[in-house]
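Enquirer: Next come the chains, spelled out residue by residue.
Number of protein chains: 2
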Amino acid sequence: MKEKLVVAVVGATGAVGREMLSTLYSRNFPATTIKALASSRSAGTRVPYGDDELVVEELTENSFEGVDIAIFSAGGGTSTQFAPHAVKSGCVVVDNSSAWRMDERCPLVIPEVNAHALKKHNGIIANPNCSTIQMLVALKPIHDVSPIKRVVVSTYQAVSGTGQKGIQELETQVRQLFNGIEPENTVYPHRIAFNCLPHIDVFLDNDYTKEEMKMVNETNKIFEDPNIKVTATCVRVPVFYSHSEAVNIETEKKITAKEARAILATAPGVQLYDNPKENMYPLATVAAGEDATFVGRIREDESIANGLNMWIVADNVRKGAALNAVQIAEKLLEMDLVCVKDKNLFM
Amino acid sequence: MKEKLVVAVVGATGAVGREMLSTLYSRNFPATTIKALASSRSAGTRVPYGDDELVVEELTENSFEGVDIAIFSAGGGTSTQFAPHAVKSGCVVVDNSSAWRMDERCPLVIPEVNAHALKKHNGIIANPNCSTIQMLVALKPIHDVSPIKRVVVSTYQAVSGTGQKGIQELETQVRQLFNGIEPENTVYPHRIAFNCLPHIDVFLDNDYTKEEMKMVNETNKIFEDPNIKVTATCVRVPVFYSHSEAVNIETEKKITAKEARAILATAPGVQLYDNPKENMYPLATVAAGEDATFVGRIREDESIANGLNMWIVADNVRKGAALNAVQIAEKLLEMDLVCVKDKNLFM
Numbered sequence: 001m002k003e004k005l006v007v008a009v010v011g012a013t014g015a016v017g018r019e020m021l022s023t024l025y026s027r028n029f030p031a032t033t034i035k036a037l038a039s040s041r042s043a044g045t046r047v048p049y050g051d052d053e054l055v056v057e058e059l060t061e062n063s064f065e066g067v068d069i070a071i072f073s074a075g076g077g078t079s080t081q082f083a084p085h086a087v088k089s090g091c092v093v094v095d096n097s098s099a100w101r102m103d104e105r106c107p108l109v110i111p112e113v114n115a116h117a118l119k120k121h122n123g124i125i126a127n128p129n130c131s132t133i134q135m136l137v138a139l140k141p142i143h144d145v146s147p148i149k150r151v152v153v154s155t156y157q158a159v160s161g162t163g164q165k166g167i168q169e170l171e172t173q174v175r176q177l178f179n180g181i182e183p184e185n186t187v188y189p190h191r192i193a194f195n196c197l198p199h200i201d202v203f204l205d206n207d208y209t210k211e212e213m214k215m216v217n218e219t220n221k222i223f224e225d226p227n228i229k230v231t232a233t234c235v236r237v238p239v240f241y242s243h244s245e246a247v248n249i250e251t252e253k254k255i256t257a258k259e260a261r262a263i264l265a266t267a268p269g270v271q272l273y274d275n276p277k278e279n280m281y282p283l284a285t286v287a288a289g290e291d292a293t294f295v296g297r298i299r300e301d302e303s304i305a306n307g308l309n310m311w312i313v314a315d316n317v318r319k320g321a322a323l324n325a326v327q328i329a330e331k332l333l334e335m336d337l338v339c340v341k342d343k344n345l346f347m
Numbered sequence: 001m002k003e004k005l006v007v008a009v010v011g012a013t014g015a016v017g018r019e020m021l022s023t024l025y026s027r028n029f030p031a032t033t034i035k036a037l038a039s040s041r042s043a044g045t046r047v048p049y050g051d052d053e054l055v056v057e058e059l060t061e062n063s064f065e066g067v068d069i070a071i072f073s074a075g076g077g078t079s080t081q082f083a084p085h086a087v088k089s090g091c092v093v094v095d096n097s098s099a100w101r102m103d104e105r106c107p108l109v110i111p112e113v114n115a116h117a118l119k120k121h122n123g124i125i126a127n128p129n130c131s132t133i134q135m136l137v138a139l140k141p142i143h144d145v146s147p148i149k150r151v152v153v154s155t156y157q158a159v160s161g162t163g164q165k166g167i168q169e170l171e172t173q174v175r176q177l178f179n180g181i182e183p184e185n186t187v188y189p190h191r192i193a194f195n196c197l198p199h200i201d202v203f204l205d206n207d208y209t210k211e212e213m214k215m216v217n218e219t220n221k222i223f224e225d226p227n228i229k230v231t232a233t234c235v236r237v238p239v240f241y242s243h244s245e246a247v248n249i250e251t252e253k254k255i256t257a258k259e260a261r262a263i264l265a266t267a268p269g270v271q272l273y274d275n276p277k278e279n280m281y282p283l284a285t286v287a288a289g290e291d292a293t294f295v296g297r298i299r300e301d302e303s304i305a306n307g308l309n310m311w312i313v314a315d316n317v318r319k320g321a322a323l324n325a326v327q328i329a330e331k332l333l334e335m336d337l338v339c340v341k342d343k344n345l346f347m
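Chains as they are written, first to last, in full-length UniProt numbering: chain A, 1 to 347; chain B, 1 to 347.
Any given hint could turn out to be false.
Repeated chains share a single entry, so a pair holds when one copy, or any two copies, can fit it.
Using 16 Å as the maximum straight-line C-alpha spacing, the simulated EDC-like pairs for lysine to aspartate or glutamate come out as follows [said to hold, decoys possible]: (1) K120 / E104; (2) K254 / E224; (3) K229 / E302; (4) K277 / D205; (5) K149 / E334; (6) K277 / D207; (7) K277 / E61; (8) K277 / D201; (9) K4 / E278; (10) K229 / E250; (11) K258 / D207; (12) K140 / E61; (13) K210 / E302; (14) K258 / E57; (15) K258 / D205; (16) K221 / D52; (17) K120 / E290; (18) K4 / E330; (19) K331 / E112; (20) K149 / E58.
Read the hints as simulated data drawn from the structure, not as lab findings.
All values reported here derive from a predicted model rather than from experimental measurement.
Extracted from the complex, chain A is given alone in its bound form (with noise of 0.2 Å):
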């Protein structure tokens, strides 16, 4: 273990960098100190860390020196921006924004799934999607046994993924709308109060939604296997926190849900929840502020040969975002991995 080790958290007052922040402190990572950056804005203010506040520091370019792992979650137009000069000061990027994602030079990592793939990075470590890392958190151990041919996979999630002005924005709406007065639209194109929108990211020109497409290219490069298919719908949802997935695959053998249980059931970062019988499946509320993928209403999929269904839920801040990006940072200290091979790769 480094005797100093410094972790700076870029973007630190939003919704992710506050939950990154509580994820440090809570897993006691080994940092010696942390820094807490955000937009001049946000310089001055304070944010928590554990018992104990960090007063928020201006991001510059300069802002990593001396700084071994940053930890981005501030947008793509940061992280885009500033986590060239990150690795040029010789810190290690984990970055939370869709910015690096498809970078070939950029290792896109889900800890229980592909950890190997840090091996390779230079300097800039992808987080994925919040959708994705919780699906295949939960489809990598099944893929293991017999690999997965095709998913369709319809999402509900939640309004914590815009950050604390989504929260805010159905909070509001309810408010308003249980007050008799027309609820306002700022965050989202229409209403999501008691709404599902079916919209989530900017569309695209084949008239998928980013997020959509996500879902599809992450999954390809994380499982290192052009040849799964994936077709996605990504839908908002009037919940606050942890987003659910209706998820069907087929894989080239078959597996019984009997059998999809018994390999779930002992899966890294899964936990499995699955007795219908008892009304027992994952549920928004019940991931909320945990840090496993919880799956359940496994069951075979009578439409095709060998096809399973099954539900998916996690908390997106926590193992969707913030959870994931410090797992990443737990792996590279534990690889020996927190060094940067070519400082001027991204400049």
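For this one, chain A is given, so just place chain B on it according to the hints.
Expert: Using the frame of chain A, we list chain B on its own:
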């Protein structure tokens, strides 16, 4: 047109029963008399019918003397018990429960899809499940162009599907949570406020819910095609009105998204609502109170050769229940089928 046409609404005080009365009125259904029937508990109360009110009468085995058409929406038990008595009185029953749907003697009808099946009716016509109705209104025109081989559907179903008590439970729980009170569950097995429950109707031996198997079995019966394979995940979401559905289909021949849009643009009962660049896609808030089934987010599924994804939304109380039942009654009149061949068939 009949000189005298007596129509009874059974379960007139429930959410769907009230919507049936409202639909009969607003569509100028040519009834000369409307009888509102309900359990003895509600007898004597009044329900609105246009600007007027009807006094609710107690449902008994003799309630159907002189009644031409009875529309039932009072649960499977009531339908099982009383529909045979209605038929025995010479009354044609349109039943909204699941009691008679899979009975070979009873056509299962969506007027836009299989009105022809009414010709073989024996006194009881079943109204399909709400989730099935809206899905098949959208899929039938595509199925007619190229047969659908497989459907993978995930639903986002409103609490009004559970009736007034579902609406009340969501509203109460939201108020409790916003007032710092621990919410109580009385209708659903878990909290529905800000949560998604992958559990609608009871669990069956194959670990699917009855709601999920309705979508499978009713699709086969309505399309008169046992070869269409359907797999469903049915989920209750914190929305008051309108069910949304993420539907993935595989057709025999390729249908492009553009072709699908052209087909659906002129399909009966369908409102094509698909312009993602303008943030235009079906929403629960758009469909609520409307007759049409809204279809959008149409895109080719790149994971298989002949696949399409779409997002289908309709008012579950209206097209999913009351409107479809009234449309069946209208078709019965139009096709001169308001008569019972064998009054004792169901006794």
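Enquirer: Hint by hint, note whether the structure agrees.
Expert: Here is what the structure says about each hint:
no.	hint	result
1	K120 / E104	within (11 Å within a copy, 63 Å between copies)
2	K254 / E224	neither (22 Å within a copy, 29 Å between copies)
3	K229 / E302	between (20 Å within a copy, 8 Å between copies)
4	K277 / D205	between (44 Å within a copy, 9 Å between copies)
5	K149 / E334	neither (33 Å within a copy, 50 Å between copies)
6	K277 / D207	between (40 Å within a copy, 8 Å between copies)
7	K277 / E61	neither (56 Å within a copy, 36 Å between copies)
8	K277 / D201	between (37 Å within a copy, 12 Å between copies)
9	K4 / E278	neither (50 Å within a copy, 52 Å between copies)
10	K229 / E250	both (10 Å within a copy, 14 Å between copies)
11	K258 / D207	between (37 Å within a copy, 11 Å between copies)
12	K140 / E61	neither (38 Å within a copy, 59 Å between copies)
13	K210 / E302	between (31 Å within a copy, 15 Å between copies)
14	K258 / E57	neither (52 Å within a copy, 52 Å between copies)
15	K258 / D205	between (41 Å within a copy, 14 Å between copies)
16	K221 / D52	neither (39 Å within a copy, 64 Å between copies)
17	K120 / E290	neither (30 Å within a copy, 56 Å between copies)
18	K4 / E330	within (15 Å within a copy, 80 Å between copies)
19	K331 / E112	within (10 Å within a copy, 58 Å between copies)
20	K149 / E58	neither (47 Å within a copy, 57 Å between copies)
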